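These protein sequences, in sequence, are chains C and Z. If you read the first sequence in the working numbering, its first letter stands for residue 902, the second for the next number, and so on. If you read the second sequence in the working numbering, its first letter stands for residue 724, the second for the next number, and so on.
Hints are computed from structural coordinates only; laboratory data are not their basis. No experiment lies behind these values; they were computed from the predicted model shown. Worth double-checking, as some hints may not be accurate.
Derived Cβ-Cβ restraints for the label pairs, each shown as a range [stated by the list, open to error]:
hint	chain 1	residue 1	chain 2	residue 2	range
1	C	Y1049	Z	Q780	34 to 40 Å
2	C	A1042	Z	R850	40 to 46 Å
3	Z	E857	C	R1081	50 to 56 Å
4	C	S1056	Z	L835	55 to 61 Å
5	C	V921	Z	E786	50 to 56 Å
6	C	F938	Z	K797	26 to 32 Å
7	Z	Q730	C	K1098	44 to 50 Å
8	Z	I872	C	R1032	21 to 27 Å
9	Z	Q730	C	L1117	23 to 29 Å
10	C	L1117	Z	I872	19 to 25 Å
From the three backbone atoms N, C-alpha and C, an ideal C-beta is built for every residue, glycine too.
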Amino acid sequence: MPTGLFHTKYEDDDKIFQTVWLKCWMGAFLLFLFAVFPFLAPHLSGLFGFSVQHMANMIGIFIIGAHGLNLLTGFTGQISLGHGAFMGVGAYTSGILFMKAGWPFWLTLPAAGLVTAAVGMIFGVPSLRLRGLYLAIATMAAQFIIEYVMRNWTSLTGGSAGLIVDRPTIMGFSFDTDFRYYYLILVLVIISTLFLKNLLRTKTGRALVAIRDRYLSAEIMGVNLFKYRLLAFGISSFYVGVAGGLFAHYNLVVSDEHFTMWLSIQYLAMVIIGGLGHVLGGIFGTIFMVLLPEVLRIPTEILSNIYPNIFAIFGTLRELVFGLVIILFLIFEPDGLAARWHTIRAYWKLWPFSY
Amino acid sequence: MIQLEVQDLHLSFGGLAALSGVSLSVDPGEIFAIIGPNGAGKTCILNCICRFYYPDQGRILFEDKDITQLSPHKVAHLGIARTFQNIELFQGMTVLDNIKLGAHVHLRSGFLSGALYWGKASREEMRLRREVEERVIDLLEIQAIRKKIVGTLPYGLQKRVELARALAMRPKILLLDEPMAGMNLEETEDMARFILDINEEQGVTIVLIEHDMGVVMDISDRIFVLDFGTKIAEGSPEEIQHNEHVINAYLGGSDEAFSKLGI
Ligand SMILES: Nc1ncnc2c1ncn2[C@@H]1O[C@H](COP(=O)(O)OP(=O)(O)OP(=O)(O)O)[C@@H](O)[C@H]1O
Ligand SMILES: [Mg+2]
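So here's chain Z without its partners, still in its complex pose:
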């Protein structure tokens, strides 16, 4: 069974083709990596899935449902969560509130019961707090900063909070856009561990865009290689590491390419 399917996606910006006929399919429970040089169109794929961008052509299916015409907030209701390449947190809110907002789609109480804070709404808030603490904050080890305003946190922690917010949605699939970018070795290792934990313990499918080839080769089940808006290869980490196309196209066959691909 295929969980997420992208069929023949075309996207262009004023004549400049960012995606030309990309098709990919993601199975439930796998870690699916998308790699490719800068400007290849990786982020554009995610933006089309989340309905940020409207593809010129092509279809996107999630669990056999066509989501190409849905509005962005409806896509979230289906269980698709994401993080962003440039952090898109709510800077003025606390870490805890950011994470709680991630659970927005699961909360039922309306504004009146919320404002009265009686019965249902307050019970729901308490349940949410407990769930967020146990399932998200403990897992990502951010207990110490939960009351901090996000805007005051260092970059690495903000990345982690963004992952936490997406996780609070209880997503079926998590789209991660360069979660390790700009991190030091230790932070990168932590992040890789978190992604594996989320994938294994909570059974969340992961779509991972990442430039750190070491990490990609280590944790992915399958890798999809994109260049100039088209697929140039797809396969297991071993297959990709030894794929001539990838080695040639990815960085012009230089020695650098080999080291980048972790060979």
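The following block holds chain C by itself, in its conformation from the complex:
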């Protein structure tokens, strides 16, 4: 009976999933995501009153973006209020290259990441001098500048009319349904999560977290602040750019209205509610933020059926409750859902000997 984790080799101690049980759970969970959930989704949709498959796809796309922001804000300690617009850069890049230049999707998606990384790094330059609230303002400026360009460079972006984007095809296989697109997203979510997890347990990740915790002593230990601060912006923007690319081909139309300040704030809410500085934080926070409005819709609709003439009030009420839930979360779970999850798991890991 295991009463603790004892490793005889450093290699074992280094593994992401440290016990056989964890591996089994993870395997079962992946099996569920690949082989059970997408077939279950249509049945659940009827039950909940919204398309479960569509929700899952949106969650997947935003998880990738939230991972990116978490790397920057949660792990490197640099806030960004520009990630909504950065996602737009990725969406337009992939959409334009795909529709206008005729590039294949397997090239446009990485290109979306790379172009967004470059843009993110340019707007990340102030981070070398600014921190906290000041950096928030500087990245907010990035948000407005990019929004302005998206809206007004009509020859390229289609302006507020939007850009029509087709579903992608890879090696003759078309991701033309939500069901098919789900697998594309799922694979990318898994890759991006593993990528993040590995990054964080190697040289670069340690340097980033060190900068977050105490940048001056990181520098004394040989960390090049300039390089790593920019790198954090680059990798983070790459993530959100890929999310943007995925969104473009999924939503089929891209316009500047998708990538406003509101999205930037939603991204921040995702990583804060999920847990800054936890890989799981991006996942939990995104699920929460995407599902909450849908879940809140159900009681609102029931109520507005009973009192149809004050429907308008309930519409606003939903937004109010939405805000309230977030505030309550910040008060009662300030470390985020992921931290709660870790304490629960630590308790169960060695159950019943967990004292």
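Keeping the supplied structure of chain C fixed, place chain Z with the ligands upon it in accordance with the hints.
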């Protein structure tokens, strides 16, 4: 041969002179202590060496290379590591990660290979882990806390972790700013033993700032006495213990001074 040389260092904060013309030289392999009353400017010397502070005047040479204009992270690459008077650890990271970060300058794998965790990067991580365990964690006897978050540890252990982090850099010279401050007798003795071990077994030069005169007299090869930003004496522990200047200036010639200087 001189390993670290400070020439005519001047530093002031808005008219207040913290250092006025300090020169010192440290030989390879020695334990060089800097002592002096509070506010004498001891920490300022270290901060100038690490390029935290920019001296108004003066030069700093490390192995005959002028480092006065280098950026702080480049100084680390030369093999100069330090600990801080007020602990400057990465509070949210584990002990192990703090120590591993100390080896940052020796790691080669970039972020892509790290994130893919294939071949080179994972081998490098394993090599690092083994080295850190054998050369640092075992030496400083912190095996039991390696997975703990630093912020949750008591003060004495945090001091030890900070030494471990500096040691992981495989430094040529180690600058220690009051490593025993706030420690009880047992912790102080442990720390003195660790410093001697590091100096003897790994051949690391030590620059030690410390108020505990017993320790300083015991383990130093040479002592440099600083007061109001200038040198008032330099020499072997015996010489310092019997130096009139030091006895007078250090604590106004009181009996306390004698006991403080361990006579
Ligand atoms: N960043 C700073 N701004 C203003 N004054 C400073 C600064 N750093 C140091 N000083 C001043 O310089 C003088 C020397 O400070 P320093 O920290 O080097 O003293 P110290 O010898 O290390 O003293 P202690 O034994 O108390 O650590 C002090 O008068 C201090 O107030
Ligand atoms: Mg000091």
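Okay, the hints, checked on the actual structure:
{"no.": "1", "hint": "Y1049/C to Q780/Z: 34 to 40 Å", "verdict": "50 Å, violated"}
{"no.": "2", "hint": "A1042/C to R850/Z: 40 to 46 Å", "verdict": "44 Å, holds"}
{"no.": "3", "hint": "E857/Z to R1081/C: 50 to 56 Å", "verdict": "52 Å, holds"}
{"no.": "4", "hint": "S1056/C to L835/Z: 55 to 61 Å", "verdict": "35 Å, violated"}
{"no.": "5", "hint": "V921/C to E786/Z: 50 to 56 Å", "verdict": "52 Å, holds"}
{"no.": "6", "hint": "F938/C to K797/Z: 26 to 32 Å", "verdict": "52 Å, violated"}
{"no.": "7", "hint": "Q730/Z to K1098/C: 44 to 50 Å", "verdict": "49 Å, holds"}
{"no.": "8", "hint": "I872/Z to R1032/C: 21 to 27 Å", "verdict": "23 Å, holds"}
{"no.": "9", "hint": "Q730/Z to L1117/C: 23 to 29 Å", "verdict": "25 Å, holds"}
{"no.": "10", "hint": "L1117/C to I872/Z: 19 to 25 Å", "verdict": "20 Å, holds"}
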